[in-house]
Amino acid sequence: MISVAIEQSFDSWRSRAREFLQKGISPSEILWSSREACQDELFHMGEASEKRDRSHVRIPKAFFDLAETVACHREEERWALLYSLAWRISRGGERHLLSLETDREIRRAHAMAKDVRRDCHKMRAFVRFRKVGESATGREQFVSWFEPFHHIVERNAGFFRGRFTGMDWSILTPEKCVHWDGKELHFTEGVSKSYAPDDDELEDLWRTYYRNIFNPARLKLNAMRAEMPVKYWKNLPEAPLIRELTNSASYRVNQMVDRTALTPKDRPKSSYLDGLHESNESLTLSQVPGSIAPYTLDEWREMASCCRACPLWESATQTVFGEGNPNAEIMIIGEQPGDQEDLAGRPFVGPAGKLLNDALSAAEIGRGELYITNAVKHFKWKPSKGSVSGRGPKRLHDKANRNEMKACRPWLLGEIAKIQPSTIITLGNTAAQSVIRQDFRIPSERGVVKGPNDVGFGGKIIATVHPSYLLRVRDRKEKEAEMRRFVDELRLAGDFSH
Amino acid sequence: MNLAQKLEILADAAKYDASCASSGAKRRDSSNGKGVGSAGGAGICHSYSPDGRCISLLKILLTNVCIYDCQYCINRRSSDVARARFTAEEAIRLTLDFYKRNYIEGLFLSSGIVRNADFTMEQVVRVARELRETHDFRGYIHLKTIPEASQELIEEAGKYADRISINIELPSEKGLRELAPEKNLRRTQEAMGGIRQRIEGSKEEKKHYAKHHRATPRIYASGQSTQMIVGADASDDSSILKRSDHLYRGYRLRRVYYSAFSPIPASSSVLPAKAPPLVREHRLYQADWLMRFYGFNVGELTPSEGALKGNLDLDLDPKLSWALRNREQFPININRASREELLRIPGIGVRSVDRILKVRRWSAVRLEDLTRLRISLRKCLPFIETIDHNPVRLNLDGDRLKERFLPKPEQLEFDFSASRSSALTGEV
Ligand code: SF4
Ligand code: SF4
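Chains as they are written, first to last, in our numbering: chain A, 1 to 498; chain B, 1001 to 1428.
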């Protein structure tokens, strides 16, 4: 049997443990204990059966992370527990032990690590600094008294240094104290509470805050105690208020309820408020006007921003109206806004818009020569599968149905009537069906459209694919070919209009 | 009026805003700066109020003077509360003094609306700017923004703040028209959309920086959140959750806070006299949690028929309630089910699911293993299958199954607040 006393430091346990593991000394042969820093360290009680097995000992890093935390626990059993785990992992053939949270020792280690982490967290939360003065160089100086439950002062020191770099501070505890002077952390032995200051002028203000942020109408003492355990209260300047606040709560609530309610006051003279009310009242338009004739394009756009002629407005952010040169020769009509367009309130700003821009510049058509819009003006989407938080798209494009297309068509007709382009390019099926014919099909009828169309448009119509189709083509060669074809079709429009 | 008196009024005025989080900031500290402050990771609650809410930030209004008339709000123009105003210097001093004593993680600054949105927003932004630029403050800042404020000001707010938020207040346009006549759902959502774009834009920019330089400058807030008031208008739980679903999906909110409409001094004659039960708020948090982390679709959370149509069951947590409505999906085999399926089992949380997945790679899971993972069998037993347990005996189809889970009458009041941190997070 070997008896070994470890001082409170993970490193001293680790070097011991490594030595024992290499010698092949089993956990049952070692008696671990803690010692003060200056005691003798190793006693041999009888002979341990050293196997002198010096084979290489390998332990996963994850174990050391866990062990380093467990080592801060105040329970004496931690050293033996850690050694037993290290033994089982490295020599007992249980390399996957760490993932077996049903194992008794692993559970114990996790529970201890959790205690330590919680204590660290609570120390970060409940340390209260009190100001003691200023240094010769004008740095403010603070001192705090705290009573941790585990050996966490060193573990936590870095946190306080990083947070309070710009001031001098000391945290005093019964076991160990830590000090920061702007350059280095120092550790000294523990002291008693009498060394710490017992007041700070700001504490009254803090208590004022604490008293007033409390809502007496929702007393939830258990929730409070669970997160701020009573054992910490003695060093919290605000804690003495808890009883008073709790006791007066129901009285205060009754007082509130008993007061007669106040009726709303008229609004004061304010052009700002008038503007808000006016805009709130004009936000709905249940039917699209029959013809754009009496309106300007800007008025048309303004009205469209309030449209509720079909249910699509409800789950979208805003109407995405067309934009561009009102005297454009070429009008591009897409299908409907997407996620990005919905946020920006502008057509073709998302990935498909970027691709369209690239294609347009390849076709040597400037955006200034264009008017760009969509057949449907609100973003229609369906939810993605899975949780709403996390990565990836959350609103997936959903095709507008016949009714929605039909409801939205007057806006488009108005745009065409005002812009009077000589060429219309439709992108994708929905746009083509809205402009040309309900049963129009891309790709079979792709290209320059011959014959009549549903909007009575007399100019040229080119029906091509939607740029989002090009985005979906995976194969690089195929993509290039598709892009060339798309650019050629756009160029066709450019030629026509000149 | 001295500082303490102002603090009294302006903290009281801010306390109805439920958001308290100081998490999700970019990791940073003051080690290469000239001031104080650090942030990043989970955030710290420095104290708790007897109302069970955490105190993490100095949550104040710059002023509680307001020209709006939101009926649920103590600061509305029709209210007769005492009014006060902090100067920017006072708000800055308080933040720094509290921070240096480790009372807080940072500042949550909001304001009543004075003159107009831009004027108000400028005052708020100024405090944040000076904290960052003059005092090199690196703690957490959450700014409440006003949807009607100009894009430039919202932009600037996001430059200094870790989180910005706009309160949606009520889930429906109708509710807003009745109770907050100056506010508007569309404008609010448009502003949230703009904020999402900027947050994402700054992430792209950051990647660019990471590629070409080493140090990444602070560019923009890393998240936005909102608050919805529950029980002030007639909206049912399903419309509340649907709005949240839209907000999470459309604007990538970090959090939606639900705040049970609470009686206030100087309450309005337009509001219901009685506050909703706090447990409703708690159930909403739980349902919200199911949407965010358990893969539940918003439509699954509330019953589509029966007496409770459109509302969460106040007696049972929403996952258990869903399971009882969808018994045909059970039992779920602990040893074979996918992660998605395991997440559907009442009483088993995300962390437990991940532990089960790890453990079962090495050995088949038995009931005692679940107990060892500290899973309470009481809730999950009727819904699971392990090698040593098959719930047929527990009669998965019987009507008595629901009764099994109903709280004993006297427990109802306390059960929800006793559930430790879940009261704040909604974890089920
Ligand atoms: S999609 Fe078109 S018709 Fe439907 S609401 Fe929007 S603008 Fe109006
Ligand atoms: S805008 Fe409305 S909610 Fe905000 S302070 Fe004014 S009255 Fe209260």
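Hint data in this document are derived by calculation from the structure and do not stem from the laboratory. One thing to keep in mind: the hints can contain errors.
Straight-line Cα separation of at most 25 angstroms, BS3-like style, residue types lysine-lysine; simulated pairs [to be verified]:
#1 B:Lys-1026 with B:Lys-1174
#2 B:Lys-1309 with A:Lys-61
#3 A:Lys-460 with A:Lys-477
#4 A:Lys-231 with A:Lys-114
#5 A:Lys-354 with A:Lys-406
#6 A:Lys-385 with B:Lys-1309
#7 A:Lys-265 with B:Lys-1358
#8 A:Lys-265 with B:Lys-1034
#9 B:Lys-1015 with A:Lys-265
#10 B:Lys-1242 with A:Lys-385
#11 A:Lys-114 with B:Lys-1358
#12 B:Lys-1203 with B:Lys-1026
#13 A:Lys-354 with B:Lys-1206
#14 A:Lys-450 with A:Lys-477
#15 A:Lys-382 with B:Lys-1309
#16 B:Lys-1309 with B:Lys-1274
#17 A:Lys-354 with B:Lys-1207
#18 A:Lys-354 with B:Lys-1203
#19 B:Lys-1034 with A:Lys-131
#20 A:Lys-382 with B:Lys-1402
#21 A:Lys-399 with B:Lys-1174
#22 A:Lys-183 with B:Lys-1034
#23 A:Lys-354 with B:Lys-1211
#24 B:Lys-1402 with B:Lys-1379
Reference excerpt, derived from the structure (chain A facing chain B, CB under 8 angstroms, subset only) [said to hold, decoys possible]:
#25 Glu-140
#26 Val-143
#27 Arg-391
#28 Gly-392
Ideal Cβ positions, reconstructed from N, Cα and C, are used throughout, including at glycine.
Tested hints:
1. B:Lys-1026 with B:Lys-1174: violated (38 angstroms)
2. B:Lys-1309 with A:Lys-61: Between Lys-1309 (chain B) and Lys-61 (chain A) the Cα gap is close to 52 angstroms, so the pair fails against 25 angstroms, i.e. violated.
3. A:Lys-460 with A:Lys-477: The hint is violated at about 31 angstroms.
4. A:Lys-231 with A:Lys-114: holds (18 angstroms)
5. A:Lys-354 with A:Lys-406: With a Cα-Cα distance of about 28 angstroms, the restraint between Lys-354 (chain A) and Lys-406 (chain A) is violated, given a limit of 25 angstroms.
6. A:Lys-385 with B:Lys-1309: holds (24 angstroms)
7. A:Lys-265 with B:Lys-1358: Distance ~62 angstroms between Lys-265 (chain A) and Lys-1358 (chain B) Cα, so the pair is violated.
8. A:Lys-265 with B:Lys-1034: violated (49 angstroms)
9. B:Lys-1015 with A:Lys-265: Distance ~23 angstroms between Lys-1015 (chain B) and Lys-265 (chain A) Cα, so the pair holds.
10. B:Lys-1242 with A:Lys-385: holds (15 angstroms)
11. A:Lys-114 with B:Lys-1358: holds (19 angstroms)
12. B:Lys-1203 with B:Lys-1026: Satisfied, since the Cα-Cα distance of roughly 11 angstroms is no more than 25 angstroms.
13. A:Lys-354 with B:Lys-1206: Judged against 25 angstroms, a Cα distance of about 21 angstroms means the pair holds.
14. A:Lys-450 with A:Lys-477: Measuring from Cα to Cα gives roughly 31 angstroms; hence the hint is violated.
15. A:Lys-382 with B:Lys-1309: holds (23 angstroms)
16. B:Lys-1309 with B:Lys-1274: holds (22 angstroms)
17. A:Lys-354 with B:Lys-1207: holds (19 angstroms)
18. A:Lys-354 with B:Lys-1203: holds (19 angstroms)
19. B:Lys-1034 with A:Lys-131: holds (19 angstroms)
20. A:Lys-382 with B:Lys-1402: violated (33 angstroms)
21. A:Lys-399 with B:Lys-1174: violated (28 angstroms)
22. A:Lys-183 with B:Lys-1034: The given pair, whose Cα atoms are some 13 angstroms apart, holds under the 25 angstroms limit.
23. A:Lys-354 with B:Lys-1211: With Cα atoms ~22 angstroms apart, Lys-354 (chain A) and Lys-1211 (chain B) stay inside 25 angstroms; holds.
24. B:Lys-1402 with B:Lys-1379: holds (11 angstroms)
25. Glu-140: holds (7 angstroms)
26. Val-143: Interface hint status for Val-143 (chain A): violated (11 angstroms vs cutoff 8 angstroms).
27. Arg-391: Violated - the Cβ of Arg-391 (chain A) stays beyond 8 angstroms from chain B, reaching only about 10 angstroms at its closest.
28. Gly-392: Interface hint status for Gly-392 (chain A): violated (11 angstroms vs cutoff 8 angstroms).
Of the numbered hints stated above, those contradicted by the structure are hints 1, 2, 3, 5, 7, 8, 14, 20, 21, 26, 27 and 28, listed in ascending order.
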